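Peer 1: Sequence lines, in order, name chains Z and R.
Heads up, the first sequence is in the working numbering, so the first residue is -10 and it goes up one at a time.
Heads up, the second sequence is in the working numbering, so the first residue is 26 and it goes up one at a time.
Honestly, the hints are just simulated from the structure, not real lab data.
Everything numeric in this text was worked out from a predicted model, so none of it was measured.
Ideal Cβ positions, reconstructed from N, Cα and C, are used throughout, including at glycine.
Among the clues, some could well be false.
In silico lysine-lysine, DSS-like type, Cα no more than 25 Å apart, as pairs [stated by the list, open to error]: (1) Lys0(Z) with Lys77(Z); (2) Lys158(R) with Lys176(R); (3) Lys165(R) with Lys77(Z); (4) Lys189(Z) with Lys146(Z); (5) Lys208(Z) with Lys189(Z); (6) Lys264(Z) with Lys267(R); (7) Lys134(R) with Lys176(R); (8) Lys208(Z) with Lys154(Z); (9) Lys0(Z) with Lys122(R); (10) Lys146(Z) with Lys186(Z); (11) Lys122(R) with Lys264(Z); (12) Lys166(R) with Lys25(Z); (13) Lys208(Z) with Lys186(Z); (14) Lys25(Z) with Lys284(R); (15) Lys255(Z) with Lys189(Z); (16) Lys267(R) with Lys284(R); (17) Lys255(Z) with Lys267(R).
Partial pick of chain R residues on the chain Z-facing surface, computed with a CB cut under 8 Å [stated by the list, open to error]: (18) Gly126; (19) Phe160; (20) Gln162.
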Amino acid sequence: MPNPYLPYEAKIIERIQESPTLFTLRLRFTDPVIHKDFRFEPGQFNMLYLYGVGEVPISIVSDPQDEHMLDHTIRTVGRVTRGLAALKEGDRIGVRGPFGRGWPLAHAEQHDVVVVTGGLGCAPVVSVIHYMMRRRERFGLINIVQGVKHSSDFIWKERYDQWRKAPDTEVLVAADAGESLWPWHVGPVTGLFDDLKFDKDRVIIMMCGPEGMMRVVVKYMLAQGVDESAIWLSMERDMHCGIGHCGHCQYGGKFVCRDGPVFCYKEIVDLFGVKGF
Amino acid sequence: MSHSFYYMARDQLQALINELRARGYQCIGPQVRDGAIVYDSLADCTQLPRGISEHQSPGRYVLSENNSQRYFSWANGPQAIKPYVFAPRESLWRCEKDNTGQLRFTDLKPAPGPVAIIGVRACDLAALYIQDKHFLQEEKKDPYYLARRQKLFLVAVNCTHAADTCFCASTGDGPRASYGYDIVLSELDDGFLAHGLSDKGLELIKQLSTSPPTETQLQQADEEIQHAARRQTRRLPSRNLKQALFNNLEHPRWEEVAKRCLACGNCTSVCPTCFCHAEDEEPALDGSGSEYFRQWDSCFTQGHSYIHGITIRSTTAQRYRQWLTHKLGSWHDQYGRSGCVGCGRCITWCPVGIDITEEAAAICGENIDA
Ligand code: SF4
Ligand code: SF4
Ligand code: FES
């Protein structure tokens, strides 16, 4: 049995600067067999290793069926990510994964979908949006809701414009504060909710971002009569091992790395929003 | 039952050690070091804590001499057998980078020889069972833990002396060793009753000079174990405390215990079931490579819940609550039982004498069994 702690070498085949603090690394395992056999689901993550510095969990954003790409969109927030940001095409890193449970995509087919994100370019849901857009006919109405603090934090504008053109797809963006030419809503993301179109009995809600924002969304959806089991969230906790051993990501009786990072609200309802867990 | 017990005179313990050593086992056994009984390499019975008693109470542990000829007339010291399977610090792999920037990873999984631990108590066997569940779960087995675990041979000893801090009878984990060992011994005044559980254990006993035990010896051994159970005054309910704890997340006791707790993490490092560890990187000073290692961590540290500039458990009250609600509550979700085996170590080795049984009772309501 392979050692789940041991990384494999991967090469950076492309580096894309998405915003001042956000970049994407497109990777390829140097061992072609490993690359070919690598399978993942949207919402799962890899541990990326920077030589001499350490590991960091990063969500995979590319499409699971696109075997040429293995993309990781990374925000520079700590030692390892700052180091990764300095790498160039051709540089090598270590990769082990994929870990965790991804989005309930099979379950979401034939349903309306509402994707809500907050904060800076939320990688875990970008993967799921891409996935649905490529398989547009399998899903009902799709609503994409993105909230940012300031309009200048809004990245991937072209992608949003493109998604908006897809049939039966609603794209709603809000900034707490905006510049004069900001075409979208100014104010909290909740101000957009009444524009959402979905059938509350046949909808799947997927979200990621700050827990405060997710709490507000959960409350709103429950008030609309959406069932607890139809709400899914991607949680973030400190992770060292990625395989349910080190204990850092514990969330009550769950390991975010193994039982999540995507959880059904129903599974975490008792602890969600309780400070200190 | 009685037919599977063998009586052996006291000198046969040395014969057992010799047999194990002859089979290539490194023997580990309890010994007095710096005023406490801990495990260390064992070649000779004279190294064992013969004629030693220990006295434990919250925040206190002292040894004294008695004039008994017995080797095991004391209750567990600070160290469980945990370090022999889950190392306090170990390297996981090494990475080398050549001048073209290519990375080469080398697995540093240990290849230990066989190890026999002598004197393992019931609570620690229960803790080992729990750690096996944690590290060797179906999907992702921990290769480092597994490498050591597979090489262990365990000689258990039934407890005849319970410390004031012991409460294994209430958690159902002792004082009798009932599973998970190769051989179990019951110590008598002039020798031992031995029982083999595994084939290897049975085969070893057959190499020793034994005789069938008398009815009196069997009764005596049994009575001494029961005595160790009766002596215990502390208790935790064996039932699932999860609901009771999670219903009381805002109980004022959390703040109250936090005023006493130093957040030193002693409780988690002596606890035989705690599994938290941190991973980190240590580049070689000469630039020849980098080693990735892990070491024990504690939910009482600031760093344990740190993520992107936020500490999720910034107060001691939140950290004590995390430890207790996990150990006695959410552990049930993860491993189908409580994470406490009643060894009492966290009580004895807490510098300020915080008592898990008292805190659980205060938080879950005085009538903890109701
Ligand atoms: S919680 Fe305390 S008494 Fe229970 S197993 Fe851990 S150290 Fe022993
Ligand atoms: S309960 Fe006691 S041993 Fe544990 S962290 Fe607090 S002071 Fe230290
Ligand atoms: S990251 Fe180690 S247990 Fe989840």
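Peer 1: Of the hints stated earlier, which fail here?
Peer 2: 3, 4, 8, 11 and 14
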